[in-house]
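**Student:** Assemble the dimeric complex from its two separately framed chains, guided by the hints.
Sequence order for the protein chains is A and B. FYI, the numbering for the first sequence is 1 to 288, going by my numbering. FYI, the numbering for the second sequence is 289 to 631, going by my numbering.
It is worth saying that the hints were derived from the structure and are not from the lab. Values in this document were obtained by computation on a predicted structure and should not be read as measured data. Fair warning: there could be bad hints in the mix.
Here are the simulated SDA-like cross-link-like pairs (lysine to any residue), alpha carbons at most 25 Å apart as the crow flies [as the list claims (entries may be wrong)]:
no.: 1; chain 1: A; residue 1: K107; chain 2: B; residue 2: E523
no.: 2; chain 1: A; residue 1: K45; chain 2: A; residue 2: H227
no.: 3; chain 1: A; residue 1: K107; chain 2: A; residue 2: S33
no.: 4; chain 1: A; residue 1: K102; chain 2: B; residue 2: L292
no.: 5; chain 1: B; residue 1: K537; chain 2: A; residue 2: R137
no.: 6; chain 1: A; residue 1: K83; chain 2: B; residue 2: Q524
no.: 7; chain 1: A; residue 1: K83; chain 2: B; residue 2: F538
no.: 8; chain 1: A; residue 1: K102; chain 2: B; residue 2: Y510
no.: 9; chain 1: A; residue 1: K244; chain 2: A; residue 2: Q31
Listed next, with one range per pair, are the computed distances between beta-carbon atoms [what the hints assert, rightly or not]:
no.: 10; chain 1: A; residue 1: F140; chain 2: B; residue 2: V504; range: 21 to 29 Å
no.: 11; chain 1: A; residue 1: R136; chain 2: B; residue 2: V310; range: 30 to 38 Å
no.: 12; chain 1: B; residue 1: L446; chain 2: A; residue 2: R213; range: 48 to 56 Å
no.: 13; chain 1: A; residue 1: G135; chain 2: B; residue 2: V310; range: 36 to 44 Å
no.: 14; chain 1: A; residue 1: V103; chain 2: B; residue 2: V602; range: 52 to 60 Å
no.: 15; chain 1: A; residue 1: A254; chain 2: B; residue 2: L446; range: 51 to 59 Å
no.: 16; chain 1: A; residue 1: G135; chain 2: B; residue 2: G507; range: 17 to 25 Å
no.: 17; chain 1: A; residue 1: G171; chain 2: B; residue 2: F431; range: 33 to 41 Å
no.: 18; chain 1: B; residue 1: T443; chain 2: A; residue 2: W165; range: 26 to 34 Å
no.: 19; chain 1: A; residue 1: Q106; chain 2: B; residue 2: V504; range: 27 to 35 Å
no.: 20; chain 1: B; residue 1: Y624; chain 2: A; residue 2: R88; range: 52 to 60 Å
no.: 21; chain 1: B; residue 1: V568; chain 2: A; residue 2: F140; range: 18 to 26 Å
no.: 22; chain 1: A; residue 1: Q106; chain 2: B; residue 2: L332; range: 47 to 55 Å
All C-beta atoms in this analysis are idealised placements derived from N, C-alpha and C, irrespective of residue type, glycine included.
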Amino acid sequence: MSSIAGGGAVALPQPVRSGASTLPLRLKVEQASYAYAATDRSAPKFTLGPASFEAQQRELLAILGPNASGKSTMLKLLAGLLKPLSGRIEVDGVEVSELDLKVRAQKIALVAQESELLFPLRVWEYVLQGRYPYGRRLRFESDEDCLLAGNALAQVGADALRDRWMDQLSGGEKQRVILARALAQQPSLLLLDEPTQHLDIGGKVELLRRLRRLADENRYTVIVVTHDLNLAAEFSDRIVLLHKGKCPRIGTPAEVYERELLEEVFEAPLEVEIGYSGRPRVILRATR
Amino acid sequence: MRPLTPQRILATCLGLCGVLFVVAVISLRMGAYPISVRDIVSTLFNAAAGRRDEVPVEFWQVVFGLRLPRIALGILVGASLSTAGAGFQALLRNPLADPYVLGVSSGAALGAIVSLIVAPHTVGAIQIAAFIGAASTIAAVYFLGRRGGQLDSPTLLLAGIVAASFLSAIIMFLLTMVTGSELRSIAFWLMGDLTAPPPTTNVVGWLGFLFFVFIVAAGAMYTTSSDLNLILTGEQEAKHLGVNVNRVKFVVYIAASVLTGLAVSVSGAIGYVGLLVPHVMRMLFGTDYRMLIPTAAIGGAIAIVLADTLARTVVAPTELPVGAMTALAGAPVFIYLMRRRMR
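Bound conformation, chain B alone (with noise of 0.2 Å):
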């Protein structure tokens, strides 16, 4: 009997967190303007010291002004995707619950897309309505997804099916109200992308607002952990163990939409990354949610951030959409895991 302990929880992540940072190197060398790890080194080192003179303007550019934010943005949105996810498959008892396959991203793009029509220079408008997007879609999903009474798996998945394609119609209508260049871009948009400017020019200020949100939506699902363990062996079970069910799926449910608006407003719709990642962990590290949370989270980041290097490197100077490289290695997993759980 070997139970967790807050030491190992904590010695798994700074490894994990070991490999984000040499994927983020690697991440910050490649691209159309390679440069050495060396000169990365002392770039992010003379920039740490304030010895900003020391570094000449084109790595300056290219590290601060383009690589980094568009790393920390795909760490934020890995990240989110995957605590959402392993959030959705406790909360709804599935394990191949995904923001993306349960309509949730389809909602969350809806808010944003309706937001940026409206009101498009609101700063955090857009975060808001994917926020409202996604719980409104989640909440339908939820209740669609019952069969007397009782969340029925496959009713689920066919209700996050439905869900997706119908709000994927509205989304095309309201398309057509847009003017030629802002279809490109919100097209794209809609794939999964992380080159969207930052609505304020303040692009440290508006990243550290982004991952305040995150880590207190996170937070939040991380004091259920211990409940949802028990809720993992059945909801009847949790409560007879003094499991208070019912506030806990309120706590994920809100925590899970927040941290789907939060990754689809800034970077559209992602898919399949909140569905594997959770499972690998889960692989990897154990089922115990103390551990999944964090471990999921890092390792969210670390499949974004890859899935983004490969989609701007593979077909070098053209770019692909991040969603597009999850999900040519995310839909054959997902396939697999549905297919072992029907046998």
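Pulled out of the complex, with its shape left as it was, chain A reads as follows (with noise of 0.2 Å):
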């Protein structure tokens, strides 16, 4: 177990799953922080503190924290769209930032909460999209591109909805139509931003169990940011807990999941148990 807060010196959790320290390291955060202000010379709105930490191949990692916890500013630098104040991020062993776009986009895949499409759009049109950063910037798909996109639909279990229209789609359906875009970028890193927050509990479980398929299986490097405590423990190898900006423990789930930490982070009365997997499962105890 390590306590980040502040920026001091760091010693990285090993992950919970046998054989994976052994893996090739693939996201390494040094020391990354990051501000928001309004102006230039403002003060700062929001101050993301200093965290280090480290992902290897084959591993799920969830971010976890309340609102305004930051969970979103670290998405966006993983994802390179926002550049750290201070420290590094690499992938691969390349600083993220310095990464022209579409070699970014063949490395990092970002998923977001919704896909706001201004006009109808099907479903194997949308995939094609995800093979946008392996060409000239004016292109047409090649046999390849069809062929990769058609995969990554298979591997989200889509198949069928190939010809669908992405408006038709039911919120479950079009979670996995828009992971497999981002598997048609080919990435190492996966990133999600609260990819579970319009499903149900059934759609929650699936999407959770196929990330982690897709970790183990396909060496994927996966970052989930999620509200929802219990699937972060059940389905991820390691958590990065945030709260007010900082980062105030990273480790396995058995780790960070302490009922005084997470009450302190989550302000609500908090008990915390282990679950017939034998990982951690919180549980919210009666007030009234």
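**Tutor:** Okay, structure coming up:
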């Protein structure tokens, strides 16, 4: 277990899966921080304090925290959409903010919460967009692009949806198609911003199982931002806990899920117990 | 999965060019002095073969002196407005965006009128002034249409309406400075009109210059068509996929302003073509901008040549401004699209 707040010396926790420590390092976050300000001269409105952690191939890492804890800022830093104010973020040994836009899109795919289409689009057209980083600016899709887009659809079990219109899909189907477009990018790092937000419990479990499988079988490094403490505990290897722009703890679910810590971060009366799978489970303590 | 290919785009465009040719021949035939299709074909054939002596003088004057330049101008204006409309819809992520609705045409018209007053005899001044007017207006509307740092569709349209009425007031003020006969022709031109004489006697050279500007601006926009497809799914998402969004927006902004300025400088403010034609082409050929930009350009040309033919025949021998014809057809469809979007 390691406490990282304030940017002191960092002892990184080891992943829980056996043999995972021998896998190549994919993501390295070193004392990365960020601050939002209304103007260049005004005081920052929100600061994400320096945080350090690493992720390896085949690892599923969850970023947890209440609202306004800095989860989305952290995800944008990892995606290269924001440049860290201090520190470094490296993917496969290269600093993310220095990558060319298309090269970055070949390494990192970000699955947004919602895809807001202006005009109707078929599923296969949408998934083919994931091949954009692999060509010139004005490009026409090759047979290989079609094959890879088809594979991506198959990987998320959305093969049968390929000729449907995007705006006619259910929440769960749409989430799978958005994930398929990200897979068509053939990234090594897959980032997901609250992917379970609009899904029912069955959809949430199915998506997390799928992500777990993608990490295990296809060597992706998956980073999921989520509010769901129990799903994160069940499916992730490690958890980055954020609170008010600071990172109070990083570690395996068992290391992070301490009652006092979670109660302080989420400001709710919580109970932590060990579930059937041997992983921690969080229950809301009755307050009535 | 049947991805778009250059061959499919080419075949579609050739088909549309065939339709445009038929519409152009119908337009050449109709008018106060009717000419049969056979005479038109023989006139065009003899002209192409360099046998001017074999063409009756009145045919030559009607076909090459009046109707053909007007059709060429209609093609240019329709293609420019429609391409600009498709560009504005992607740039502002708003399906109701169009040079006329956003007030950009009014900005271009104001620029053109200022140049008519300040430098009436300078060739090309009106085009440059119309471009500056269009570019300034879209910049103003873009910033007025933002709420909380994001483009907001209703706010953007309101900003366009406000800009158009404000610019119209300035145009009215400027019109009080011109004399009676000029006033009538400018008022007619403001409604959208293709009868304005070219500023030089070298009509072919003048049209060639205008088409060259069109090709450069529309070509520049076409280079961004793959990027625009991604921007339509959201700017943030486009950035994740490696699109340099700021560069694309800048290219489309300049190209669409040039195209609007070009169209307005020769024909006044013709409404709704830039809105409707891209929508019709999306319905027919899909939303992909690699297909949409060329088909919208040819579709816009067909729409204006058709509208102009109707404008000069429905109340013959009097003529309606072509802008009145497009507004008659366009306003109800605009309301339909707006209501469908609000549902």
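**Student:** What are the numbers of the hints the structure violates, in ascending order?
**Tutor:** none
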